[in-house]
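Asker: With numbering that gives the first Met the number 0 applied, the sequence shown corresponds to residues 0 to 423, in that order.
Do not take every clue at face value.
To be verified - The list that follows gives simulated cross-link-like pairs (lysine-lysine, BS3-like), each with its CA atoms no further than 30 Å apart:
| hint | residue 1 | residue 2 |
| --- | --- | --- |
| 1 | Lys181 | Lys100 |
| 2 | Lys68 | Lys197 |
| 3 | Lys101 | Lys255 |
| 4 | Lys337 | Lys409 |
| 5 | Lys157 | Lys138 |
| 6 | Lys197 | Lys148 |
| 7 | Lys213 | Lys197 |
| 8 | Lys68 | Lys213 |
| 9 | Lys393 | Lys197 |
| 10 | Lys409 | Lys219 |
| 11 | Lys157 | Lys78 |
| 12 | Lys255 | Lys343 |
| 13 | Lys413 | Lys383 |
| 14 | Lys213 | Lys181 |
| 15 | Lys127 | Lys197 |
Claimed, not checked - Label-pair restraints from in silico Cβ distances:
| hint | residue 1 | residue 2 | range |
| --- | --- | --- | --- |
| 16 | Ser377 | Gln189 | 40 to 48 Å |
| 17 | Leu362 | Asp60 | 55 to 63 Å |
| 18 | Ala292 | Asp131 | 35 to 43 Å |
| 19 | Glu385 | Asp191 | 19 to 27 Å |
| 20 | Asp191 | Ser377 | 27 to 35 Å |
If you are wondering where the hints come from, they were derived from the structure by calculation, not from laboratory data. Positions of the beta carbon are idealized from the N, C-alpha and C atoms, including for glycine.
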Amino acid sequence: MKTNKNTRTFIRFFHLLIGITFVSILLSVWLQCSDSDSKIAQEPAQKQIPNSFGFYSDSLDHQTNFVAKNETLSDILLKHGISASDINQIVDKAQPYLDVKKIVAGNVYHAFTFDDSLSTLAYFVYEKSPSDFVVFNLKDSIHVYESEKEIVINENQKSAVIDQSLWVSLMNVDASPELAIKLSQIFAWQIDFYHLQKGDNFKVIYEELFIDNKFFAIGKILGAYFNHSGKDFFAVPFTQDSVFQYFDEDGNSLRKAFLKAPLEFGRISSRYSKSRLHPVLKKRRPHLGVDYAAPVGTPVRSTGDGVVSEMGYNGGAGRFVKVRHNSVYTTMYLHLSKYAKSLKKGARVQQGQVIGYVGSTGLSTGPHLDYRFFVNGSAVDPLKVEVPPSHPIKDELRVEYEIQRDSVMKMLDKIELPVITNPA
0 MKTNKNTRTF IRFFHLLIGI TFVSILLSVW LQCSDSDSKI AQEPAQKQIP
50 NSFGFYSDSL DHQTNFVAKN ETLSDILLKH GISASDINQI VDKAQPYLDV
100 KKIVAGNVYH AFTFDDSLST LAYFVYEKSP SDFVVFNLKD SIHVYESEKE
150 IVINENQKSA VIDQSLWVSL MNVDASPELA IKLSQIFAWQ IDFYHLQKGD
200 NFKVIYEELF IDNKFFAIGK ILGAYFNHSG KDFFAVPFTQ DSVFQYFDED
250 GNSLRKAFLK APLEFGRISS RYSKSRLHPV LKKRRPHLGV DYAAPVGTPV
300 RSTGDGVVSE MGYNGGAGRF VKVRHNSVYT TMYLHLSKYA KSLKKGARVQ
350 QGQVIGYVGS TGLSTGPHLD YRFFVNGSAV DPLKVEVPPS HPIKDELRVE
400 YEIQRDSVMK MLDKIELPVI TNPA
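Could you put the whole structure together from the sequences, leaning on the hints where they help?
Answerer: Laid out in structure tokens, this is it:
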């Protein structure tokens, strides 16, 4: 009997132990589930990321298109259901950021619309350039602003040996043709890029600009070396007097300044204009130079060192002289009465040298000089040409410059030139 009692006690204890264990397991599971639910509740919803134009568009439909020839902003907005009254408000608010009459054919625009039956326009974006854009926020009220995309700057370097031309050499090393223009502008006064020789070579360190992970443009040249006709030329970037420019290894500026005017005495009688009423023809036409009124015979000076590339008589221009200063800059002097003695095509002239005399030849109503300035073959306003000063490094900046120079030249020295093998 005593044994049976002990057995029953043991069985009851065993059942109790099982019950406690089961409850503990259930409690543990409940706590884990509760903790998991709590964590899920605490986790924030997936964060939206602004698009490259700075606003959230995940819930919007996006269309990209190009401005068609002769298409206006009004034409585009009308296609997207914007009323004439709203377009007028948009045009008014866009004025500080965009001349809506001059949107450029071929430029990109974006339409962000709601996913509704009318595809209602929420945002309209016009890209003024690959980096600059104007946003039209039409969600609640009309709000217009401009901004720019983030530009990512990467440093790169190239080297090449000239075989045919600078352009071809850069293409052979998978470099942007824009790099040829940059180099020719930097070394314009030291190297005649029209007469590069086979075997000339260069090394360059430069910035590449990327927008939306796509190459956009060449940025600053961070250092360059060019060997032309056996002579070494260096370009070291340095900022002096708030002007970013390039100097050689001795601290001399690579740029030479132009004279502000080709005459010592005279007054401006007509300025550069894309649409001027011609005093003789009585028709509106471009005037791509600056007129200096002066008496017949007033000496005309070359505004920079260079070579006379053309001279002669040419219709409305009358008697003229054209001076090529380098591969970038050219100047032209029109309506001359006569040339300087011994001046001829191919002659080398120095800055300030007299090349001719004021006259009134060609289409002219009185004695004056029409002075024209060309950059890479395109006429620009001579009064607005920005040519950095040609002063050498100042004494007080010499130590700072030499540190910069030594760093650049050390980096250039590490760049190896490609080996050119001549085919048998």
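Asker: With reference to the structure, classify each hint as holding or not holding.
Answerer: These are the hints, each one checked on the structure:
For a cut-off of 30 Å, the pair hint linking Lys181 to Lys100 is broken: about 33 Å separates their Cα positions. Taken as a hint, the Lys68 and Lys197 pair is broken in the structure, with Cα atoms around 45 Å apart against an allowance of 30 Å. At most 30 Å may separate the alpha-carbon atoms for a hinted pair to count; Lys101 and Lys255 exceed this at roughly 37 Å. For the given pair, Lys337 sits about 53 Å from Lys409 by alpha-carbon distance, which is inconsistent with the 30 Å threshold.
Between Lys157 and Lys138, the direct Cα distance comes to roughly 48 Å. Violation of the 30 Å bound is thereby established for this hinted pair. Between Lys197 and Lys148 the alpha-carbon distance is near 42 Å, which puts this suggested pair outside the 30 Å criterion. A hinted pair counts as satisfied when its Cα atoms are at most 30 Å apart, and Lys213 with Lys197 does not qualify at roughly 34 Å. Only pairs whose Cα atoms come within 30 Å are accepted, and Lys68 paired with Lys213 is accepted, the gap being roughly 26 Å.
Simply put, Lys393 and Lys197 have alpha-carbon atoms about 37 Å apart, too far for the 30 Å limit, and the pair is violated. At roughly 18 Å between alpha-carbon atoms, Lys409 and Lys219 fall within 30 Å of each other, so this suggested pair holds. At roughly 48 Å between alpha-carbon atoms, Lys157 and Lys78 are farther apart than 30 Å, so this suggested pair is violated. Note on Lys255 and Lys343: the hinted pairing holds, with a Cα-Cα distance of about 24 Å set against a maximum of 30 Å.
Of the supplied pair hints, the one linking Lys413 and Lys383 is violated, its CA atoms being roughly 40 Å apart against a limit of 30 Å. As the CA atoms of Lys213 and Lys181 are separated by approximately 20 Å, the hinted pair is consistent with the 30 Å bound. The hinted pair formed by Lys127 and Lys197 fails the criterion: a straight-line CA distance of about 41 Å is larger than 30 Å. In this structure, Ser377 and Gln189 break the distance hint of 40 to 48 Å, their C-beta atoms being roughly 23 Å apart.
The hinted window of 55 to 63 Å between Leu362 and Asp60 holds, with their beta carbons roughly 58 Å apart. For Ala292 paired with Asp131, a C-beta distance near 41 Å keeps the hint of 35 to 43 Å intact. Remark: the range hint 19 to 27 Å for Glu385 to Asp191 is upheld by a beta-carbon distance near 23 Å. Checking the proposed 27 to 35 Å range against Asp191 and Ser377 shows it is violated: the Cβ atoms sit about 20 Å from each other.
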